[in-house]
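Build out the structure end to end from the sequences listed, making use of the hints.
The primary structure of each chain is shown beneath.
Protein chains: 4
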Amino acid sequence: MPLTPDAKGVYPIAPTPFHADGRIDYASIDSMIDFYRSVGSTGMTVLGVMGEAPKLDGAEALEIATRFINRAEGLPVIIGVSAPGFAAMASLTRAVMDKGAAGVMIAPPNTLRTDDQITIYYRQASEAIGTDVPFVIQDFPQTFSVMMTPVVIRKIVQENPSCVMLKHEDWPGLEKISTLRGFQADGSMRPISILCGNGGLFLDFEVERGADGAMTGYAFPDMLCDVVRLQAEGQRDAAHDLFDAHLPLLRYEQQQGALGLAVRKYVMAKRGIIASDAQRKPGASLTAKAKAEVEYLLARLAKHDPRAGRTAR
Amino acid sequence: MPLTPDAKGVYPIAPTPFHADGRIDYASIDSMIDFYRSVGSTGMTVLGVMGEAPKLDGAEALEIATRFINRAEGLPVIIGVSAPGFAAMASLTRAVMDKGAAGVMIAPPNTLRTDDQITIYYRQASEAIGTDVPFVIQDFPQTFSVMMTPVVIRKIVQENPSCVMLKHEDWPGLEKISTLRGFQADGSMRPISILCGNGGLFLDFEVERGADGAMTGYAFPDMLCDVVRLQAEGQRDAAHDLFDAHLPLLRYEQQQGALGLAVRKYVMAKRGIIASDAQRKPGASLTAKAKAEVEYLLARLAKHDPRAGRTAR
Amino acid sequence: MPLTPDAKGVYPIAPTPFHADGRIDYASIDSMIDFYRSVGSTGMTVLGVMGEAPKLDGAEALEIATRFINRAEGLPVIIGVSAPGFAAMASLTRAVMDKGAAGVMIAPPNTLRTDDQITIYYRQASEAIGTDVPFVIQDFPQTFSVMMTPVVIRKIVQENPSCVMLKHEDWPGLEKISTLRGFQADGSMRPISILCGNGGLFLDFEVERGADGAMTGYAFPDMLCDVVRLQAEGQRDAAHDLFDAHLPLLRYEQQQGALGLAVRKYVMAKRGIIASDAQRKPGASLTAKAKAEVEYLLARLAKHDPRAGRTAR
Amino acid sequence: MPLTPDAKGVYPIAPTPFHADGRIDYASIDSMIDFYRSVGSTGMTVLGVMGEAPKLDGAEALEIATRFINRAEGLPVIIGVSAPGFAAMASLTRAVMDKGAAGVMIAPPNTLRTDDQITIYYRQASEAIGTDVPFVIQDFPQTFSVMMTPVVIRKIVQENPSCVMLKHEDWPGLEKISTLRGFQADGSMRPISILCGNGGLFLDFEVERGADGAMTGYAFPDMLCDVVRLQAEGQRDAAHDLFDAHLPLLRYEQQQGALGLAVRKYVMAKRGIIASDAQRKPGASLTAKAKAEVEYLLARLAKHDPRAGRTAR
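Chains as they are written, first to last, in my numbering: chain B, 1 to 313; chain Y, 1 to 313; chain Z, 1 to 313; chain X, 1 to 313.
It is worth saying that the hints were derived from the structure and are not from the lab.
Among the hints, a few may not be true.
[Unchecked claim] List of simulated lysine-lysine pairs, BS3-like, C-alpha gap at most 27 Å:
1. X:Lys-289 <-> Z:Lys-8
2. Z:Lys-281 <-> Y:Lys-155
3. Y:Lys-281 <-> Y:Lys-270
4. B:Lys-303 <-> Y:Lys-303
5. Y:Lys-155 <-> X:Lys-155
[Claimed, not checked] Taking CB as the label site, the calculated pair distances span:
6. B:Gln-158 <-> Z:Ala-59: 23 to 31 Å
7. B:Thr-4 <-> Z:Ile-120: 30 to 38 Å
8. X:Met-1 <-> Z:Pro-84: 29 to 37 Å
9. X:Ala-299 <-> Z:Thr-4: 34 to 42 Å
10. B:Pro-84 <-> Z:Glu-127: 37 to 45 Å
11. Z:Asp-34 <-> X:Gln-124: 24 to 32 Å
12. X:Gly-22 <-> B:Asp-21: 37 to 45 Å
13. X:Gly-257 <-> B:Lys-281: 28 to 36 Å
14. Y:His-19 <-> X:Gln-124: 28 to 36 Å
15. X:Met-1 <-> B:Glu-73: 30 to 38 Å
16. Y:Asp-6 <-> B:Thr-143: 47 to 55 Å
17. Y:Gly-210 <-> B:Ala-185: 47 to 55 Å
[Unchecked claim] Heads up, incomplete: computed chain Y residues facing chain B, CB under 8 Å, no partners named:
18. Pro-54
19. Ser-162
20. Trp-171
21. Leu-174
22. Thr-179
23. Asp-244
24. Arg-251
25. Gln-256
26. Gln-279
27. Glu-293
28. Val-294
29. Glu-295
30. Arg-300
We treat Cβ as the ideally placed atom computed from N, Cα and C, and that holds for glycine.
Printed below as a string of structure tokens:
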């Protein structure tokens, strides 16, 4: 079931659950996948920036990907395969596609600068992994320092039939979505799926601009699913009400790097989605002050969304 | 009335108002200053990143600074004097201090990398402008690409008696505030004022961590003043309630570069604080979709904060 | 006598001579200009990266530029006007063009990334300074972090009739010259002058690839003039023989930043072209070891080029 | 035979030889190793920046490393193990140390900025690979964008007993060598080996400043060995004569990225050290003009060093 350009909904960016001693927590992988499914996720993404992928060796990465694919039972699983070189990218891609992955996500190396460098890179990457493998462009300039204009994205889409999705996390980025959808409307670009990342900070408006949903790892993927669904149903105000209630916490989770992940895992553990908020070394953990702030935010959120009050521990 | 390390409250980052044809709108400067004073601002900052300073020639910059200083009638005015070289920085500093500025703000050039380069830069800058001129460190890594650890900031403070304030806009940055206040508590750093920027995105918690207030340009400086005041009065929940009500719009305004400024000026013009949302070229303007989004956010905000419903046009 | 696209030869990048106490040394400016003329320079460039321009305030910069223009007596003088904003760029440009400058040189700000950002910047810059003012593109990615493909350069040239010259200092850059000359040959780009910088490190081959000459500050501009002339006369081996004899020293001078400038000024002072090797603060000076290395290199060079043995002190 | 802090001489950075169709050319690996030994190399380094390591998958990288280690028959082989994460770094390190590698080389990820980030990274890396594994710091700011002051290097050395060598390729870098040797002289840093990279562009003076030799990939490693030996014997002028004769070609090879490697492989193939100058895709190849330039440089060099005239094809 390969990924297609009409993918919609919410693909949570899955963290990698660890035990306190650094071992991979496979039971938590299972419970997390089950949770994603139960709240209406339409797929999921593994080994992304927030999946602590660089702390996994090759065998572990493949084992985790396989676990996800098998347990997802038909929900499409996208695997992050960004690598310093095409050889490692191609190896991992072949391995996960053999296991049943729906597609792969490729971030540009931060050495790319010119428009040509970017489009050539994606052409070469597609050739390296196989032009039959569906792939996702990750457009995240704040982290990767690579700036892709809408015209560059269009060129990648038009040159590579296997490009099926954009993970949109440019910021500011609302006009970019409108421009890309305009390219589709004027016939200059074939349709692709656009799922939004960036922690979900602008998701309320992104779907109104034409995005198909979210691909991000906020600790309440159920909220992301609800907002996307409400907007699809035309319940704009309800969507914003729910989103706004979560925004103080969502904003707090939006702290780049290991700290944001620490907040995310802390809340997910508290909700019982995973067993522990441990990060593999080198990682970050929350100070007592930060924990108290998160608890305060959860308590305030619980007044609007009872799910924030139901905790497993 | 030079700036001192016990500065508190809110120093709005003032935009530069222009007429539609690019001329400076001095009447709007006056009305803006009056507004800042009326809502309880304790100072203001001019010619910062969001003040379109690079679009002003030297004579204009000085004239604007002077207008602010005179009209502020005793409220301290900080002038951004960052420049590619110390000669221009020193010239502008001398000129504005002669006019009665309270101090100057200095951002590091984006070529600095090592700890030593940063501390040496501030030592040389202080010597260049005069060691009697109070100055503010601007710590804004997302924009300037210069990362200052708490230890580096402490070193700058200890080496330069005229360093009186930190404009804190690192992100994530809460722990940084706690660490710096810890340095003061353990006696390893003399006290300085910490005012927070970054659009105010974490202001609710920053003041709880020990910040003295805000220095940012959100289009509702009255809200910033209220939040700082409520927190000082111990009304934590009320502070968060007000902050959270504004967060959807504040978040929307937080779009780096000319677009964020376009939102800010649009709202300020709508509120009657300035006459026009024009930016001098090259600038950005809001699309119809973006304007509609801002209007929607204002309408929603008005349910919680009536000030959002009172518009001048 | 405005700069035109058929400019050829050597335009030395002039350092700014200072007295030991930091005052500008106008007598050395005069002697340096006279020296440049005497060795066959066809023009000169002032206030570039190596001219310590950021250490000059506005009045000083204009006074220096004027001194050069007047003393050059008809030799075209190009003024570096790169600035954080168009207002300052336009002010300085107007001032120096009024004084008789031949044109201005504009480096891109290091925030530019995409092809469009670069071409838009030069269009806006040209509008800001006046579309009648001849300008030079400075293409120096190692220092400015802005990468311009040949296609981007062509677009700038085609969109801006007043763009007359490329200061080429990309590295590696030989193929870029060939590609640009190919654009001219196939009629897709109008002819422009290409003068090469980068310390002259590849000048021997750059002129063979089609460059019109050099714009760099090596302490032996006489050698640069000779190499360009010998190549123009078809004396390839002689050109390389002379270049290779200088290469050890030229390579030694090629140390980015204040250190390279310290070597350059040291040798120029030793040759009597300027009176002192002082840099205005903050600057660099040579250690005893470095001075001994330069002396050793000069002594070795003197065996091949007697000019290296003739010193003024 | 683990790498120790008293390593000296020349460790060529070995390219990875490929057949024209992209397969690894193991016969050329063998002939290259034999050549390195025959000219007096004291070790070698594999899988560095110029070894096209990112184009190798994990199995290939290990196989190549093993081939080098076995064929080197006792000459120490250093393996580049830089990776986006510690897991992959540790896996490769364990594998190659088991095979008999002498040590590993670690470059900093280009996200590091502050002094603390750099020293913490090396501490964590050493823990990850095993504190008994000798490692080399690669200090190459132009490529990695990470700036290490001498004090930072000293801290890494003092904190990690298994740090035995610095691959020095900062530029300008002569004073850095002097400063580090000064730290050893004043007892504040234990002795380490310093081998210089950066294409050898300053090797003539680097050894005079206290470097122990070279670790770079210039196509005439025999020249590098001779220069280090001549300097060690006190034949300064002879060392410089030989170096200067090679400088025009060495400078030409010094073109960052795939182009410089293309020159290197072209000359090595011409000399019969490897069979083909093929790079694995994506790679670069020389244009006809560039090949003619290299041939011209070789012909000129042959007048001074007959080895440049002896070619295998």
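Here is how each hint holds up against the structure:
Between Lys-289 (chain X) and Lys-8 (chain Z), the direct Cα distance comes to roughly 23 Å. Compliance with the 27 Å bound is thereby established for this hinted pair. For the hint pairing Lys-281 (chain Z) with Lys-155 (chain Y), the CA-to-CA distance comes to about 22 Å; that is within 27 Å, so the pair holds. Simply put, Lys-281 (chain Y) and Lys-270 (chain Y) have alpha-carbon atoms about 21 Å apart, close enough for the 27 Å limit, and the pair holds. A hinted pair counts as satisfied when its Cα atoms are at most 27 Å apart, and Lys-303 (chain B) with Lys-303 (chain Y) qualifies at roughly 18 Å.
Distance check on the hinted pair: Lys-155 (chain Y) and Lys-155 (chain X) sit about 19 Å apart at the alpha-carbon level, within 27 Å; holds. The beta-carbon spacing between Gln-158 (chain B) and Ala-59 (chain Z), approximately 54 Å, falls outside the hinted interval of 23 to 31 Å. Judged by the Cβ atoms, the range 30 to 38 Å given for Thr-4 (chain B) and Ile-120 (chain Z) holds: they are separated by roughly 36 Å. Between Met-1 (chain X) and Pro-84 (chain Z) the beta carbon distance is about 56 Å. The supplied range of 29 to 37 Å is therefore violated.
A beta carbon spacing of about 38 Å between Ala-299 (chain X) and Thr-4 (chain Z) agrees with the range 34 to 42 Å that was offered as a hint. In this structure the hint that Pro-84 (chain B) and Glu-127 (chain Z) lie 37 to 45 Å apart at CB holds, the actual value being about 42 Å. At about 60 Å, the beta-carbon gap between Asp-34 (chain Z) and Gln-124 (chain X) misses the expected band of 24 to 32 Å. A hinted range of 37 to 45 Å holds for the C-beta pair Gly-22 (chain X) and Asp-21 (chain B), which are about 42 Å apart.
At roughly 34 Å, the beta carbons of Gly-257 (chain X) and Lys-281 (chain B) sit within the given window of 28 to 36 Å. A hinted range of 28 to 36 Å for the beta carbons of His-19 (chain Y) and Gln-124 (chain X) is inconsistent with their spacing of about 56 Å. Met-1 (chain X) and Glu-73 (chain B) have their C-beta atoms about 53 Å apart, which leaves the hinted 30 to 38 Å range violated. Distance hint for Asp-6 (chain Y) and Thr-143 (chain B): a CB-CB separation of about 38 Å, inconsistent with the stated range 47 to 55 Å.
Checking the proposed 47 to 55 Å range against Gly-210 (chain Y) and Ala-185 (chain B) shows it holds: the Cβ atoms sit about 51 Å from each other. At a threshold of 8 Å, the smallest CB-CB gap from Pro-54 (chain Y) to chain B is about 20 Å, leaving the interface hint violated. Annotation: interface hint on Ser-162 (chain Y) violated; nearest CB of chain B at approximately 31 Å, more than 8 Å. The beta carbon of Trp-171 (chain Y) comes within 7 Å of a beta carbon in chain B, closer than 8 Å, and the hint placing it at the interface holds.
Hint status for Leu-174 (chain Y): holds, given a least beta-carbon distance of 7 Å to chain B, under 8 Å. Because the closest C-beta pair between Thr-179 (chain Y) and chain B is about 10 Å apart, greater than 8 Å, the hint is violated. Among the interface hints, the one on Asp-244 (chain Y) holds; its C-beta lies about 5 Å from the nearest C-beta in chain B, closer than the 8 Å criterion. With a least beta-carbon distance of about 6 Å to chain B, the hint placing Arg-251 (chain Y) at the interface is held under the 8 Å criterion.
Taking 8 Å as the C-beta cut-off, the interface hint given for Gln-256 (chain Y) holds, the closest approach to chain B being about 7 Å. A hinted interface residue such as Gln-279 (chain Y) counts as satisfied when its beta carbon comes closer than 8 Å to some beta carbon of chain B; here the least separation is about 15 Å, so the hint is violated. The restraint placing Glu-293 (chain Y) at the interface with chain B holds, with a minimum CB-CB distance near 6 Å, inside the 8 Å limit. Interface restraint check for Val-294 (chain Y): the shortest CB-CB distance to chain B comes to about 10 Å, outside 8 Å, so the restraint is violated.
Proximity of Glu-295 (chain Y) to chain B is violated relative to the hint, the smallest CB-CB distance being about 13 Å (cut-off 8 Å). Taken as an interface hint, Arg-300 (chain Y) checks out: its beta carbon lies about 7 Å from the nearest beta carbon of chain B, inside 8 Å.
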